[in-house]
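*Asks:* Modelling step: build the complete structure from the supplied sequences, incorporating the hints.
Number of protein chains: 8
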Amino acid sequence: VKVLIVMGSESDLTVMQETAGLLEEFGIPFEMTIASAHRSPGRVSSVVAEAERKGVDVIVAGAGMSAHLAGVIASHAVVPVIGVPINASPLGGLDSLLSTVQMPPGVPVAAMAVGKAGAKNAAVLAAQIIGRKDPAVLRRLRAYKRKLARAVEEKARGLSTETKKTR
Amino acid sequence: VKVLIVMGSESDLTVMQETAGLLEEFGIPFEMTIASAHRSPGRVSSVVAEAERKGVDVIVAGAGMSAHLAGVIASHAVVPVIGVPINASPLGGLDSLLSTVQMPPGVPVAAMAVGKAGAKNAAVLAAQIIGRKDPAVLRRLRAYKRKLARAVEEKARGLSTETKKTR
Amino acid sequence: VKVLIVMGSESDLTVMQETAGLLEEFGIPFEMTIASAHRSPGRVSSVVAEAERKGVDVIVAGAGMSAHLAGVIASHAVVPVIGVPINASPLGGLDSLLSTVQMPPGVPVAAMAVGKAGAKNAAVLAAQIIGRKDPAVLRRLRAYKRKLARAVEEKARGLSTETKKTR
Amino acid sequence: VKVLIVMGSESDLTVMQETAGLLEEFGIPFEMTIASAHRSPGRVSSVVAEAERKGVDVIVAGAGMSAHLAGVIASHAVVPVIGVPINASPLGGLDSLLSTVQMPPGVPVAAMAVGKAGAKNAAVLAAQIIGRKDPAVLRRLRAYKRKLARAVEEKARGLSTETKKTR
Amino acid sequence: VKVLIVMGSESDLTVMQETAGLLEEFGIPFEMTIASAHRSPGRVSSVVAEAERKGVDVIVAGAGMSAHLAGVIASHAVVPVIGVPINASPLGGLDSLLSTVQMPPGVPVAAMAVGKAGAKNAAVLAAQIIGRKDPAVLRRLRAYKRKLARAVEEKARGLSTETKKTR
Amino acid sequence: VKVLIVMGSESDLTVMQETAGLLEEFGIPFEMTIASAHRSPGRVSSVVAEAERKGVDVIVAGAGMSAHLAGVIASHAVVPVIGVPINASPLGGLDSLLSTVQMPPGVPVAAMAVGKAGAKNAAVLAAQIIGRKDPAVLRRLRAYKRKLARAVEEKARGLSTETKKTR
Amino acid sequence: VKVLIVMGSESDLTVMQETAGLLEEFGIPFEMTIASAHRSPGRVSSVVAEAERKGVDVIVAGAGMSAHLAGVIASHAVVPVIGVPINASPLGGLDSLLSTVQMPPGVPVAAMAVGKAGAKNAAVLAAQIIGRKDPAVLRRLRAYKRKLARAVEEKARGLSTETKKTR
Amino acid sequence: VKVLIVMGSESDLTVMQETAGLLEEFGIPFEMTIASAHRSPGRVSSVVAEAERKGVDVIVAGAGMSAHLAGVIASHAVVPVIGVPINASPLGGLDSLLSTVQMPPGVPVAAMAVGKAGAKNAAVLAAQIIGRKDPAVLRRLRAYKRKLARAVEEKARGLSTETKKTR
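Protein chains in written order, with the numbering used here: chain A, 1 to 167; chain B, 1 to 167; chain C, 1 to 167; chain D, 1 to 167; chain E, 1 to 167; chain F, 1 to 167; chain G, 1 to 167; chain H, 1 to 167.
You may find that some hints are simply not true.
To be verified - As a list, the in silico BS3-like pairs of lysine-lysine whose alpha-carbon atoms are at most 25 Å apart:
#1 F/Lys133 with G/Lys116
#2 C/Lys155 with C/Lys116
#3 C/Lys54 with B/Lys54
#4 G/Lys145 with A/Lys116
#5 E/Lys155 with C/Lys54
Quick caveat, the hints were computed from the structure, so don't treat them as lab data.
*Replies:* Here's what the structure looks like:
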């Protein structure tokens with residue numbers, strides 16, 4: 001297991017599956033669990049301790065509202081912690097974004113964008129971190145980057161063809 | 001000791017002394033300490049456990065930025081937790097306010113206004129909570145409330161006199 | 001009656017029933033009524049006076065937009081007042097949140113999160129306040145806290161099982 | 001007395017004197033007092049009742065933070081109420097602006113800009129309201145409007161001359 | 001005609017009909033038209049000039065986005081101008097609210113809440129302004145205020161009865 | 001005269017001189033004047049009419065608060081209008097930014113950043129627009145772009161040298 | 001080809017077609033393509049280089065989230081760049097608006113309103129820029145401006161007729 | 001060289017020195033340079049290419065306003081990119097924060113808090129990433145974490161002693 005994905009509540013699963021799906025694509029083994037900074041603080045610290053014992057390289061934490069989960073994990077961990085703010089209140093995710101990113105000096109959380117885009121990017125950043133020591137993952141990242149660029153070019157060609165047809 | 005005041009950093013002291021000063025005025029014994037949710041998570045849980053053992057009635061927590069302190073204390077405590085957001089970043093305190101107030105269901109933090117006004121009000125709310133079982137504190141609260149109203153009336157008279165003189 | 005729930009308008013009922021439901025679970029007797037700080041100011045002060053006469057321990061106030069209800073109640077009361085900001089305008093609840101939480105020095109409102117999460121937490125905070133003098137409520141709070149933690153663990157196990165099945 | 005100016009605290013005086021100064025320029029008699037929606041709610045309602053008895057045409061209310069003053073006055077009054085949000089917290093006046101302007105249906109507050117600009121405009125709006133029945137005030141308003149336009153033209157000429165000199 | 005209602009676009013009609021409906025209830029004659037500060041600036045100034053010639057007492061302006069309509073009308077008028085910010089962009093009405101309320105010194109707009117609540121309150125404020133010289137309108141305003149208070153009391157009774165039945 | 005710079009108030013001059021200074025550097029003749037959308041609406045339309053008669057290619061408008069100036073100019077003009085939001089209230093320029101940029105369909109304002117950065121960029125954009133028909137200006141723009149890039153490289157060299165010395 | 005429309009992703013097409021549609025109405029030849037500042041940076045610079053070689057007069061860029069596309073294009077181009085912020089995250093477009101408009105000194109982007117209104121206005125601004133050297137386009141712009149004003153007047157007449165019928 | 005620090009402008013140096021200072025403390029070799037996404041795009045891509053050739057493990061990018069620097073670097077790099085938003089406009093850093101963190105899917109930036117706190121944390125996160133393959137750095141991180149916790153405890157003791165003395 002290289003990456004641990006933790007989410008604050010079961011309802012965050014549809015967002016955090018974006019991380020899981022992309023990690024699978026990169027061939028990076030991961031585990032996924034639920035632990036709430038507020039409802040099960042003991043579980044958070046034991047989950048982190050176990051992850052570090054197993055040699056996990058990155059922890060990804062997704063949470064909404066006063067999203068303390070990533071910060072609380074970072075207070076216990078020396079591995080990099082990636083935070084995914086989830087939009088779970090009428091405030092449009094600004095609450096979880098600021099709770100995640102505005103960490104005080106000494107205890108960083110690598111904050112991603114709010115929601116599914118951020119959850120996907122958590123997987124890419126995790127791969128980039130692991131790629132510093134695993135050449136296979138680095139190769140897959142390079143391929144992924146080329147694929148993204150190619151996809152844009154194909155869409156551009158598609159748009160151009162379609163536009164010609166329409167007129 | 002009836003109230004424990006916790007702050008995330010020494011720099012929060014000038015704000016949190018407002019709580020201390022007003023608790024003294026209400027004759028409510030308190031203790032004040034520093035514990036960081038992010039830099040000393042172990043200390044936070046031991047400080048809370050000790051406070052509950054001593055029979056503290058309220059915990060007041062002041063913190064800035066991703067202000068997780070009050071929320072993390074609330075995750076450990078069954079006593080009421082009052083959170084004072086402190087303006088400690090260029091974002092004007094919106095970060096600490098949202099981090100403090102937007103707690104998920106099950107684990108409340110009683111959020112106050114950002115800064116010194118909130119720190120003062122934390123003392124008043126603590127007194128109101130203690131006042132539910134301590135008639136002496138309740139009497140002092142009633143006197144404080146009358147004093148506030150009288151002070152407004154005196155200021156109003158002062159303004160009226162001054163205005164007459166000026167013209 | 002230990003808790004009075006006041007809401008500014010009938011349309012706030014679906015939110016404030018979260019407070020009522022959880023108070024019932026805690027076995028705390030309560031009453032629920034409607035009073036508007038703006039449309040029926042006289043009713044607000046008489047409702048507060050009557051509640052204090054009856055010995056109510058906590059007042060919970062839910063309101064949207066310029067949510068003055070909790071603040072106006074706090075201006076009349078010496079019991080703790082909990083404010084639940086309700087999202088009732090295109091501004092996403094930021095208006096009711098700031099109106100509720102930014103109380104001036106001397107007159108606190110214990111602000112909760114915007115919407116249903118906040119309404120639930122108002123019941124938990126009320127129970128925590130009452131629990132300072134009622135050991136039975138304190139025991140139920142401790143049980144509730146354990147239940148929250150267990151629920152997280154069960155969800156975590158469920159997720160783990162499901163993940164294994166899927167692969 | 002045609003206009004009553006109420007402010008929530010003595011510290012609002014430097015802002016609210018802008019209203020007073022401009023009302024004097026319009027020759028509109030006014031009174032100025034202090035009354036806090038939160039610290040002296042009884043005083044607010046008696047001040048409003050007395051103002052309506054005296055036949056006041058407009059009430060101007062200036063307050064900061066959770067600026068409930070104008071709204072609470074509006075709940076008691078049938079005369080137009082003008083609200084001036086005052087910047088009195090780290091949130092830059094957004095709290096007092098939203099508390100003042102987002103009034104629920106049925107009880108309007110005529111909200112002005114945050115701070116001194118708003119305090120000045122409160123005097124102009126009061127004059128416009130009184131001008132509907134007092135032709136002398138209406139004439140002074142027309143003169144004031146011409147003066148504003150002329151001042152712009154003079155500044156424009158000054159700028160043009162200065163620019164020519166500089167080059 | 002006592003009140004002129006102007007809206008920036010046909011799509012604002014569903015909001016501004018709230019103003020119209022309540023003015024009818026107050027028995028205040030009004031006219032309603034469309035004029036855009038940006039697409040038909042000439043029409044705006046001629047509409048204002050005609051309204052002032054007809055002796056209109058109040059102009060109500062509703063607009064979305066960069067809501068300049070009320071401000072532009074206020075630049076031409078000496079009658080009170082009431083601005084209703086309309087939520088017409090992804091920014092949730094914050095754009096139209098700030099564009100409407102933050103008027104520079106000398107040219108006030110009486111800003112209402114965003115959307116239908118604000119449109120209703122524009123009618124109440126218009127009635128309050130007209131009520132300064134028309135005792136019949138003042139009487140209807142007093143009756144409206146009592147009706148609002150009574151409606152709250154009836155809803156409160158309904159809630160109380162319903163709660164008893166349910167249990 | 002190719003560019004007209006208009007500002008809403010004399011106090012905007014220190015910001016708008018950034019536009020003037022850079023236009024001089026590009027060798028583009030301009031005029032600068034004051035006209036307020038709210039205090040001198042007639043002057044705004046005559047200034048625009050005169051500018052279009054003179055064949056001005058771009059109008060730059062700087063204003064604070066409810067910054068309607070650029071929008072009102074755009075309502076009269078068919079030349080491109082560039083808007084510079086100026087920070088002139090406690091809200092940090094968010095009011096003038098949203099008032100400037102959120103123009104309704106049909107009447108664009110080319111919005112720049114808040115303050116001096118935006119004022120400088122107004123000059124660059126004006127030069128880019130004029131550069132479409134004036135090869136000399138286009139050449140100066142290309143030189144300016146190279147100068148910006150070179151300045152970065154020099155600063156980078158300076159930093160590198162300084163860092164070496166320090167260690 | 002006079003205008004190049006670039007969008008960051010295929011999902012921006014429904015918004016950016018507003019630009020395309022209106023450019024067609026103005027008779028201005030354009031091309032439309034996809035290029036992502038983040039996923040295909042090389043493509044962005046080659047697309048810009050090609051556009052400048054072809055003599056394109058304006059580039060319009062639409063993007064959401066951290067909308068860097070317009071800024072990155074502006075870093076390569078000396079033609080005017082118009083940025084359309086697209087609402088593509090839970091933050092309501094505030095992210096793309098600020099990313100687009102807050103350009104540092106030296107490299108302007110002409111920012112439009114968020115979404116379809118902004119996309120339409122990008123076409124009008126492009127026409128205004130081209131109109132500085134193409135009298136035919138300028139004529140069509142003048143006609144468009146008259147059409148907008150007439151449409152408002154027709155809507156106003158329709159409203160007036162409908163109101164009369166209803167009563 | 002393990003870490004490359006890039007800043008958008010010389011004025012960002014006082015903030016970014018926090019990163020440099022802490023990297024030195026961790027014994028991690030780094031280089032620091034200036035490259036602007038907008039004024040020197042070519043330099044950005046060559047700086048990134050050179051850094052990846054040298055085997056740099058992390059790139060830290062600090063920038064203000066429309067902070068595109070980190071995102072543009074991330075578009076070229078496969079190493080992890082850490083973004084430090086810098087408060088460089090009247091908007092309080094909200095512009096640079098949202099520009100940095102809201103990256104679209106596929107191209108992550110690890111966003112830190114606004115300003116010096118974020119710059120410090122960039123060094124810690126860089127050390128955590130390098131620590132995954134360098135046990136010496138991991139040891140120093142563990143020591144740093146203990147030092148942070150001890151510093152809190154010492155401050156707490158200091159506060160306690162001081163409080164006793166004062167009373």
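*Asks:* All hints, please: hold or fail.
*Replies:* To see whether the hints hold, each was checked on the structure:
Straight-line distance between C-alpha atoms of F/Lys133 and G/Lys116 comes to about 30 Å, which puts the hinted pair past the 25 Å bound. For the suggested pair C/Lys155 and C/Lys116, the alpha carbons sit about 21 Å apart, so the restraint of at most 25 Å is met. A hinted pair counts as satisfied when its Cα atoms are at most 25 Å apart, and C/Lys54 with B/Lys54 does not qualify at roughly 31 Å. For a cut-off of 25 Å, the pair hint linking G/Lys145 to A/Lys116 is broken: about 42 Å separates their Cα positions.
Among the hinted pairs, E/Lys155 with C/Lys54 is consistent with the structure: their alpha-carbon atoms are about 22 Å apart, no more than 25 Å.
Hint compliance for this structure: hints 1, 3 and 4 are not met, and every other hint is.
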